[in-house]
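Undergrad: Residue numbering for the sequence shown follows the working numbering, beginning at -2 and increasing consecutively.
Please keep in mind that the hints were generated in silico from the structure rather than gathered at the bench.
Hints may be right or wrong, so weigh each one.
[Stated by the list, open to error] Derived CB-CB ranges, DEER-like: (1) Thr72 to Tyr49: 51 to 59 Å; (2) Asp330 to Thr211: 17 to 25 Å; (3) Lys78 to Met240: 50 to 58 Å; (4) Glu61 to Ala18: 33 to 41 Å; (5) Cys272 to Asp330: 27 to 35 Å.
[Claimed, not checked] Within a straight-line C-alpha distance of at most 25 Å, the following computed BS3-like cross-link-like pairs (lysine-lysine) qualify: (6) Lys258 to Lys288; (7) Lys298 to Lys212; (8) Lys258 to Lys277; (9) Lys258 to Lys294; (10) Lys314 to Lys298; (11) Lys298 to Lys288; (12) Lys277 to Lys298; (13) Lys60 to Lys43; (14) Lys78 to Lys60; (15) Lys314 to Lys258; (16) Lys66 to Lys76; (17) Lys294 to Lys212; (18) Lys258 to Lys212; (19) Lys78 to Lys42; (20) Lys298 to Lys219; (21) Lys314 to Lys288; (22) Lys66 to Lys78; (23) Lys294 to Lys314; (24) Lys298 to Lys258; (25) Lys76 to Lys60.
Just so you know, even glycine gets a beta-carbon here, dropped at the ideal spot from N, CA and C.
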Amino acid sequence: MADDIEDEDFLLSQLTAEEIAELSEIIDPDNELLPASDRLPPQTKKKPTGPYDRQHLLEHLRKEALASKVGDDYTPFIKQKREEVREKKKENTAPAAKPKNYLSEFDDILSEMDDDQLAELAQELGIHGMLTQDQSRGDITASKVSSFSTQKLNKLLSAKGNDESDHADLDQVIQSVQEDDPSLTDLNLNNHPLITPEIIHQLLTALEGNTHVTKLSLANIKFNDDHAASLGSILSDNRSLLMINLDSNRLGNEGIRAIMKALVDNFTLQEIRLCNQYSKGGHRIEAEIGKYLEKNKTIRKLGYSFTCNGPRMEVEKWIMRNIDLQRQRRMYDSR
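Could you build the full structure based on these sequences and the hints that come with them?
TA: What follows is the structure, given as structure tokens:
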């Protein structure tokens, strides 16, 4: 210990006055009890301008702030009372445009319907608040129904803008998927009014050999458990799909189980959405979702309305793990 002190004294004796001053500015003694002002000598060589005056400093800062212009949309500060600002805003506010009356398109159709046809329309559209208790149970005779469901409802849907011209040609879409068209990468059939369970089966059959579709959106088309079983077998071998949207369909626990089970053998899918389904799920199916997701290393987004906190937290843990794995791969590839 004495030798170390002697070596330090010898080294310090070899330094010039300027080097000692520079060294004293660099060294910060590691002593928490020592005030910061005493750890280092004063760093400024500027002479004090006078005694500290708080009010004078605030006035100076205020003048500097009002004089400075920051950004292109700078507006000078004007001291006003709250009532004056409100009156000025009312003067500058343009009159709001009148909303378009979309209900005028249905006037001709609705005016021709009687009470029974309106009740049946409410049943078809799921507006049960318009129905009585007997009508909700379906106590509408066949003689009163006539041809409303097939003709008037189609006409009403076309008036809403849901006709064939607003949607993809299903035959052409299925043919493009079956032929593995390279230009078809985003397949969106959300809310298609003309799609049927048979057409969904045809689409899934065509999708088996497709290698270019990366986004598959089939929300609100009555996608059921049978379709989910077919999609599950496709996901086990598919290596091109990155996102699937099945929100607002008729999936039960069996359909959700078939899809999630297929993710164990899938190594490319990154996002899947299963919200707002026919079945409300439960702890058992939600726990199975976490079990299957544990074995998947690519899913980074999962849309599902959990009812139990335990499975939800388990799924969040695996999602965060997959996100972190993707970050590590990205950093490794950037080297």
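Undergrad: Now, for every hint given, state plainly whether the structure supports it.
TA: Here's how the hints hold up against the structure:
Between Thr72 and Tyr49, the C-beta spacing of about 34 Å breaks the proposed range 51 to 59 Å. At roughly 20 Å, the beta-carbon separation of Asp330 and Thr211 lies within the given 17 to 25 Å, and the hint holds. Checked against the given bound of 50 to 58 Å, the beta carbons of Lys78 and Met240, roughly 54 Å apart, stay inside it. Taken as a hint, the range 33 to 41 Å holds for the pair Glu61 and Ala18, whose Cβ atoms sit roughly 35 Å apart.
For Cys272 and Asp330, the Cβ-Cβ distance of about 33 Å falls inside the hinted range of 27 to 35 Å, so the restraint holds. Straight-line distance between C-alpha atoms of Lys258 and Lys288 comes to about 9 Å, which keeps the hinted pair within the 25 Å bound. At most 25 Å may separate the alpha-carbon atoms for a hinted pair to count; Lys298 and Lys212 meet this at roughly 14 Å. Between Lys258 and Lys277 the CA atoms are separated by roughly 19 Å; this keeps the pair inside 25 Å, and the hint holds.
For the hint linking Lys258 to Lys294, the alpha-carbon distance of about 13 Å falls within 25 Å, and the restraint holds. The straight-line distance between the Cα atoms of Lys314 and Lys298 is roughly 12 Å, inside the 25 Å bound, and the hint therefore holds. Proximity of Lys298 to Lys288 is assessed by CA-CA distance (about 16 Å); at most 25 Å being required, the pair is judged to hold. As the CA atoms of Lys277 and Lys298 are separated by approximately 20 Å, the hinted pair is consistent with the 25 Å bound.
Between Lys60 and Lys43, the direct Cα distance comes to roughly 24 Å. Compliance with the 25 Å bound is thereby established for this hinted pair. For the proposed pair Lys78 and Lys60, the alpha carbon gap of about 21 Å is at most 25 Å, so the pair holds. Pair hint Lys314 plus Lys258 holds up; C-alpha atoms about 18 Å apart against a cutoff of 25 Å. Under the criterion of a C-alpha separation no larger than 25 Å, the hint pairing Lys66 with Lys76 is consistent with the structure, at around 17 Å.
Pair hint Lys294 plus Lys212 holds up; C-alpha atoms about 19 Å apart against a cutoff of 25 Å. Restraint check for Lys258 and Lys212: satisfied, since their Cα atoms lie roughly 20 Å apart, inside the 25 Å limit. Of the pairs offered as hints, the one joining Lys78 and Lys42 is violated, with about 46 Å between alpha carbons and a cut-off of 25 Å exceeded. About 23 Å separates the Cα atoms of Lys298 and Lys219, which keeps this hinted pair within 25 Å; it holds.
For the proposed pair Lys314 and Lys288, the alpha carbon gap of about 12 Å is at most 25 Å, so the pair holds. This hinted pair checks out: Lys66 and Lys78 have alpha carbons roughly 23 Å apart, not beyond 25 Å. A hinted pair counts as satisfied when its Cα atoms are at most 25 Å apart, and Lys294 with Lys314 qualifies at roughly 12 Å. Proximity of Lys298 to Lys258 is assessed by CA-CA distance (about 16 Å); at most 25 Å being required, the pair is judged to hold.
Between Lys76 and Lys60, the direct Cα distance comes to roughly 14 Å. Compliance with the 25 Å bound is thereby established for this hinted pair.
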